[in-house]
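Okay, so the sequence shown: first residue is 1 according to the working numbering, each after it adds one.
It is worth saying that the hints were derived from the structure and are not from the lab.
Fair warning: there could be bad hints in the mix.
Label pairs and their calculated CB-CB ranges [unchecked claim]:
| # | residue 1 | residue 2 | range |
| --- | --- | --- | --- |
| 1 | V521 | D117 | 21 to 31 Å |
| 2 | N190 | T522 | 27 to 37 Å |
| 3 | F294 | D117 | 24 to 34 Å |
| 4 | N102 | N613 | 16 to 26 Å |
| 5 | T591 | P171 | 53 to 63 Å |
| 6 | G99 | T380 | 46 to 56 Å |
| 7 | P171 | F294 | 41 to 51 Å |
| 8 | T131 | T591 | 35 to 45 Å |
| 9 | S523 | N140 | 19 to 29 Å |
| 10 | P35 | T110 | 14 to 24 Å |
| 11 | G67 | S578 | 34 to 44 Å |
| 12 | G441 | D117 | 50 to 60 Å |
| 13 | D223 | N517 | 42 to 52 Å |
| 14 | M590 | T380 | 28 to 38 Å |
Every residue, glycine too, gets a C-beta built ideally from N, C-alpha and C.
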Amino acid sequence: MRKIFVRWLIVMLFVVLMSTVFIPMTHAATLSVSPGGTIGAADACPIPADSQTYNSVDKAIECAAAGDTITINPGTYTVGGVAAPLITIDKNLIIVGAGAANNVILQPSTNTGNSGDARAWFLVNAGVNLTVTDLTFDGNGLSIWQAFRHRGSGEFNRVAFNDIQFQPSGPSYAGTAIAAFGNGNVNVFNSTFTNIGRIGVQYFGAGVTNGTFRDNTYTGKGDGDHLDYGVEVGAGANATIEGNVISGNRGVASVDGSTSAAILVTTFFGPGTSATIAAGNNLNNNTSGVAIGFDMSDTSTVNINNNTITNNTANGIGASSAGTVTIASNTITSNGDGIDLANVANATIQRNLIDQNGSGVELANTNATINNNNIFDSNTIGVDVSDATSSGTVINNNQFCNNTQFGVQNQAATIVDATNNWWGAVDGPAPVGSGDAISAGVTFNPFNAISPGASPCALQTNTIGGSSSTGGETVVDESGPALCSFFDGSVNEIVRADVPDLTVTDGSVFCRVIAENGNFVTSQAEIGHIAVIQRGVIQAVDVFGLRMNGDPAPDFNGFVNICLRGTGNFYYLSALQSPRVPQRLSSSQMTIAGQTFTCARIPDAGTVVLTEN
Numbered sequence: 001m002r003k004i005f006v007r008w009l010i011v012m013l014f015v016v017l018m019s020t021v022f023i024p025m026t027h028a029a030t031l032s033v034s035p036g037g038t039i040g041a042a043d044a045c046p047i048p049a050d051s052q053t054y055n056s057v058d059k060a061i062e063c064a065a066a067g068d069t070i071t072i073n074p075g076t077y078t079v080g081g082v083a084a085p086l087i088t089i090d091k092n093l094i095i096v097g098a099g100a101a102n103n104v105i106l107q108p109s110t111n112t113g114n115s116g117d118a119r120a121w122f123l124v125n126a127g128v129n130l131t132v133t134d135l136t137f138d139g140n141g142l143s144i145w146q147a148f149r150h151r152g153s154g155e156f157n158r159v160a161f162n163d164i165q166f167q168p169s170g171p172s173y174a175g176t177a178i179a180a181f182g183n184g185n186v187n188v189f190n191s192t193f194t195n196i197g198r199i200g201v202q203y204f205g206a207g208v209t210n211g212t213f214r215d216n217t218y219t220g221k222g223d224g225d226h227l228d229y230g231v232e233v234g235a236g237a238n239a240t241i242e243g244n245v246i247s248g249n250r251g252v253a254s255v256d257g258s259t260s261a262a263i264l265v266t267t268f269f270g271p272g273t274s275a276t277i278a279a280g281n282n283l284n285n286n287t288s289g290v291a292i293g294f295d296m297s298d299t300s301t302v303n304i305n306n307n308t309i310t311n312n313t314a315n316g317i318g319a320s321s322a323g324t325v326t327i328a329s330n331t332i333t334s335n336g337d338g339i340d341l342a343n344v345a346n347a348t349i350q351r352n353l354i355d356q357n358g359s360g361v362e363l364a365n366t367n368a369t370i371n372n373n374n375i376f377d378s379n380t381i382g383v384d385v386s387d388a389t390s391s392g393t394v395i396n397n398n399q400f401c402n403n404t405q406f407g408v409q410n411q412a413a414t415i416v417d418a419t420n421n422w423w424g425a426v427d428g429p430a431p432v433g434s435g436d437a438i439s440a441g442v443t444f445n446p447f448n449a450i451s452p453g454a455s456p457c458a459l460q461t462n463t464i465g466g467s468s469s470t471g472g473e474t475v476v477d478e479s480g481p482a483l484c485s486f487f488d489g490s491v492n493e494i495v496r497a498d499v500p501d502l503t504v505t506d507g508s509v510f511c512r513v514i515a516e517n518g519n520f521v522t523s524q525a526e527i528g529h530i531a532v533i534q535r536g537v538i539q540a541v542d543v544f545g546l547r548m549n550g551d552p553a554p555d556f557n558g559f560v561n562i563c564l565r566g567t568g569n570f571y572y573l574s575a576l577q578s579p580r581v582p583q584r585l586s587s588s589q590m591t592i593a594g595q596t597f598t599c600a601r602i603p604d605a606g607t608v609v610l611t612e613n
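Turn these sequences into a full structure, and let the hints guide you.
Next up, the structure:
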């Protein structure tokens, strides 16, 4: 009996060893698609799948295994079946264009449907991760409701979407490049959207917890009977929208008067929607820059900071209703109205440049804290508090001047606290003084009687070896010396600064160099964020102020203009945030003493970093 057992044990060990030795190792394959490929739609999948070249994108997707990469060589490819263009992606894939995006063009075979999954050209199943890079998806005059109907997760990078439309002038008013509505995040980077029927990227549903839309360009169709939204966030989705240029969204739907916006955020289809709109978005020449809510019951949470919002015909930022809206450190100029908020439970408006709008800020049935803004040159009113506004609006420590009718008008029954503001004159607001007028129901005393400059509406500045800053543009004297001082009185040629009055009390800022010309003077940890370091640091500097008594002044009470030598992306990490979050600021280049500098405005003390990408 014992011999039988030993023989059995030896046999089993042999089987295990042999199975261990001979089980083949699986690996991700790379499938190649080319116009001259040999495997077409009617052919069987080759074994292995990457042993031959495909002439059909559809077939490559069919034959690929989970985790494979499909490389598509330059050419124009028709994708989809005869009856419908629907391509289902049911496994993790990476799809890459071998050349520049405009050299690898995918076009649909026919029109999509108008309901359910039949709306899709590409349908990405739940649980699937899809990466798409360096491709062009061109509707080519066909009716496409959604280029990607995405229930999974993944990334689009350097992708062009052209002519994705489905009855754009009605009755459907449809056409979406990417509809992300699964239980995963879909990130879109460095991509372009042109001639889209309605929406560039739609983040929809609570399963989207942190979709990111960054460094993209959406160009709307201009005026006409159609709609345009670069990004729409709704039904409980959460999205971050950074560094994009969105323009030309001015269409109006004739069927119901719906209007367009660069960005739309709403809880109309479900609660819990939130969006962060930050780090250098340029929203210009739209009907609205940011539109919040479809109706008076919206409860979205929206954080809008460090953007340039200009030349939008209705308003720069508008809300029909919202839960919490924070608007900070933006440049909001030359819009129909700068900010127009109605039915917002909690609004904070701080450290913005609000200039040359119809009205600077319009409030209706909204509790708002408005502080440390520059509000001037409004065609009508700086801040207008309507007769339906809730009590609790506070307007402090702002600069008002050259607003045509009123600096602050209150049409509500409750008194508005507008103390400690500069009204454009040392004797205070009209009718008591000679500054911007205030209406009845506004408490203005005490007021700021210290002039921020001979021409405060032009933001005249006390500079350190430089000239003034006007209208939000950073101007530095080319002949001036290095401008940012150190404690020992020395200066450094890589950094310059313009300091407006009443920002840092003594008119000075101090700097401490962290990295210079790509080399770290101190530890990389001084920057405080690995993602910024990984972008390739050119220059990095701590910027801070000191009060007359020697105490630090981390809150600049306005903006300080900082220029770093070189060309790149300008990142700012506020000293007032913990943990510190990098923000990419709108910047401009200028020549100073024969060298190129990248310049931006920072609202508080912190670290400024110029990066390669």
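Going down the list of hints, with the structure as the test:
1. V521 <-> D117: 21 to 31 Å: Given range 21 to 31 Å: violated, Cβ gap about 57 Å.
2. N190 <-> T522: 27 to 37 Å: Once the Cβ atoms are compared, 32 Å apart, the range 27 to 37 Å for T522 and N190 holds.
3. F294 <-> D117: 24 to 34 Å: 25 Å, holds
4. N102 <-> N613: 16 to 26 Å: About 21 Å separates the Cβ atoms of N102 and N613, which means 16 to 26 Å holds.
5. T591 <-> P171: 53 to 63 Å: Since T591 and P171 have Cβ atoms about 54 Å apart, the given range 53 to 63 Å holds.
6. G99 <-> T380: 46 to 56 Å: 53 Å, holds
7. P171 <-> F294: 41 to 51 Å: The hint (41 to 51 Å, Cβ to Cβ) is violated, given that P171 and F294 are roughly 19 Å apart.
8. T131 <-> T591: 35 to 45 Å: 40 Å, holds
9. S523 <-> N140: 19 to 29 Å: 54 Å, violated
10. P35 <-> T110: 14 to 24 Å: 20 Å, holds
11. G67 <-> S578: 34 to 44 Å: Given a distance of about 40 Å, which is inside 34 to 44 Å, the answer is holds.
12. G441 <-> D117: 50 to 60 Å: 56 Å, holds
13. D223 <-> N517: 42 to 52 Å: Roughly 48 Å apart at Cβ, these two residues keep to the hinted range, so it holds.
14. M590 <-> T380: 28 to 38 Å: 34 Å, holds
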